[in-house]
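Please take these sequences and the hints and turn them into a complete structure.
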Amino acid sequence: MSGTYLGMPDFPRAAAAATRDTRLRANLTHATHTIRDKRAKAVAELDDWAQLRAAGAAVKDRTLRHLDHYLEQLEAAVVAAGGQVHWAVDADEANRIVTRLVRETGEREVVKVKSMATQEIGLNEALAEAGIRAYETDLAELIVQLGDDLPSHLLVPAIHRNRSEIRDIFRREMGSWGRPAPEGLSDSPAELAEAARLHLREKFLSAKVGISGANFMVAETGTLVVVESEGNGRMCLTLPETLISVVGIEKVVPRWQDLEVFLQLLPRSSTAERMNPYTSTWTGTTDGDGPRTFHLVLLDNGRTDTLADTVGRQALRCIRCSACLNVCPVYERAGGHAYGSPYPGPIGAILTPQLRGIEGALEASLPYASSLCGACYEVCPVAIDIPEVLLHLRERVVEGGPVTRRGARTVLQPAKGHAAERAAMRAAAWAFDHPGVLRAGARLAARTRRLHPRRLPGPGRAWSATRELPAVPAESFRDWWQRTRGTSSERQGGAK
Amino acid sequence: MRVALFVTCINDLLHPRTGQAVVALLERLGVEVDFPDGQSCCGQPQFNTGYRHATEPLVRRFDHAFRDYEYVVTPSGSCAAMVRDNYPRIGAKAAAEGRGRELADAAALAVPKTYELTEFLVDVLKVTDVGAYYPHTVTYHPTCHGLRMLGLGDRPRRLLEQVKGLELRELPGAEECCGFGGTFAVKNAAVSAAMGADKVRNVLGTGAEAVCTVDNSCLLHIGGTLARQGSPVRPVHIAEILASTEGGVR
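Respectively, the protein sequence lines represent chains A and B. For the record, in the first sequence the residue sitting at position 408 is 407 according to numbering that gives the first Met the number 0, with numbers rising by one throughout. For the record, in the second sequence the residue sitting at position 110 is 109 according to numbering that gives the first Met the number 0, with numbers rising by one throughout.
Keep in mind the hints are simulated off the structure, nothing from the lab. Hints may contain errors.
The list that follows gives simulated cross-link-like pairs (lysine-lysine, DSS-like), each with its CA atoms no further than 27 Å apart [stated by the list, open to error]:
hint, chain 1, residue 1, chain 2, residue 2
1, B, K125, B, K92
2, B, K92, A, K415
3, A, K415, B, K186
Take a look at the structure:
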């Protein structure tokens, strides 16, 4: 796996490859089951979880309805507190802004706290092109970076790696990025953590520029919030002279009081902790405390277009807890890389096609990356009805329809490659709407049942590769009823 | 009491024994069963693949077929969930597209009277002991739509626990999807097969003679996977267990 999402195969092909990787399957199954069991216990401790969940959804929805108002309030508060605000309409603009800001400091190295937004825009690659090296400091992100790999989970980006793989990566790569791994490093978690700590400490103490994301932005005070487990993020936020935070516009909440809800929902849903170990907040700049210069880059990159979709916009409530990944049977087997973006799992399946548009082969395949079992909706702490959005996006793939792109309404044509399926679906619907036709078809199938193949051609081959086909019975229920009960209930209507 | 049986297309064409079992069971419990001939498919395969407009005639057909009945009973959790969860959405979207209230009205009539079989037995008939006899070890897989969309809860288990001779075996990872998912089984065949293989491993681990659900569509997938492995474990719909008596084990 090389460190770019471009040119990813569509989901079914990438997922099929992952299902054959037995080590990946074992790593994922172990990790997701461990986290999901712990989460269930942590959530069960609160008797008002359902109300908290409803409150989280309501706060997010209200904020999104008035997003322009809260963003302007946020901007004014950040500026008043000594910060500078930059607006980025897409990934390219965000990367240009950050690159320029780093260049203006004269530095060639930056430290980063784990940030989904900068993964989304490919910031590290853009900085590298400008001759600036970005050091990831979240432990799992460090593993991913040293392994020239991609994150595969929102919260545990290196979930697809086990500790012996991590030891090998540390031994092999740490030296070329800074302090090498200690001699004779074993795969015990304590030794691995200590090796990472020593390696990262050098970076923290020398870095003049830090780059972060944020979990929340409080409009009333212009305060940004990062929650984390390791404390590495806090080092990035406090030690450098310049701090650049790149944050999606949907992360704003109106008031400090709203954090009461989210600081309960997020840690319990993500790490199964009652409270996350580190909650860092920063507001502009303060003399003698923390960075001297603070920049906030507000990232749109498809969010306003997503907001224009009345069904799909609920995906913007997401607080990136990853609970949906950890319960998803498809994610568990397909792994995170198959989703082709930093947002894997069920939330990625609805977020990526909305942020990027659904025209690409990968994006068009993502809404189908679900069996619609509903486990993701059940665990979502902000009640995103992911199956509902998946169905909404499937309709967009096969039937097209109105969408918003760059603020302009446009009508999308149905995706290519669905002609045969569309014809079959319409033919089936037509037959089901004409019971006489259906009955004739069933009788024909029954009469020819001894001739039916055991393996199917075409799309059906996928079914008969691992499963026996059902035998067609000699008589349909409908015919049995008519034969044994005699009277048909045509008078009940519906017959054409 | 008179009810309409919505047998569903998959049961009509592939599992007529399940429909026959529902008729036998309900009649044994003193319910008069009608089979409105105008009924067809609920439209789930089309709707779940993105062809919402193709499902609209089927919503109308459901309404026409079952309009005169107070209760519609179906031996399928996922088809009941299609009617109850998605018909209102189809109706609301048609209205929002400026095509009138016809489908929304049809959905409003269909939703309150449509019951999955175990719901109907426990909530309407208020029975859990249906006088069944089934001398086998059985493990129960709660299907996703029954579990999460309909909220069947422990109704199927309460019915199974009252069946004489039946020994219920706990299924590890019961609440995890079996991997069928309609067209998902074809569109993402490798993941579907991997999920099915894990489900079947858990089923085999119970040592039960039969695996039971409220949905033949999930059983098609689980049973097809079992059969390919040459396993003697039988897939059996809960209606066929509940219809069995000492006089006639199905």
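Hints, verified against the model:
The suggested pairing of B/K125 with B/K92 is violated, with an alpha-carbon distance near 36 Å, which exceeds 27 Å. A threshold of 27 Å between alpha carbons decides the hint, and for B/K92 with A/K415 the separation of about 24 Å falls inside it, so the pair holds. Annotation: proposed proximity of A/K415 to B/K186 holds, straight-line Cα distance about 15 Å (limit 27 Å).
Consistency note: the structure conflicts with earlier hint 1 alone.
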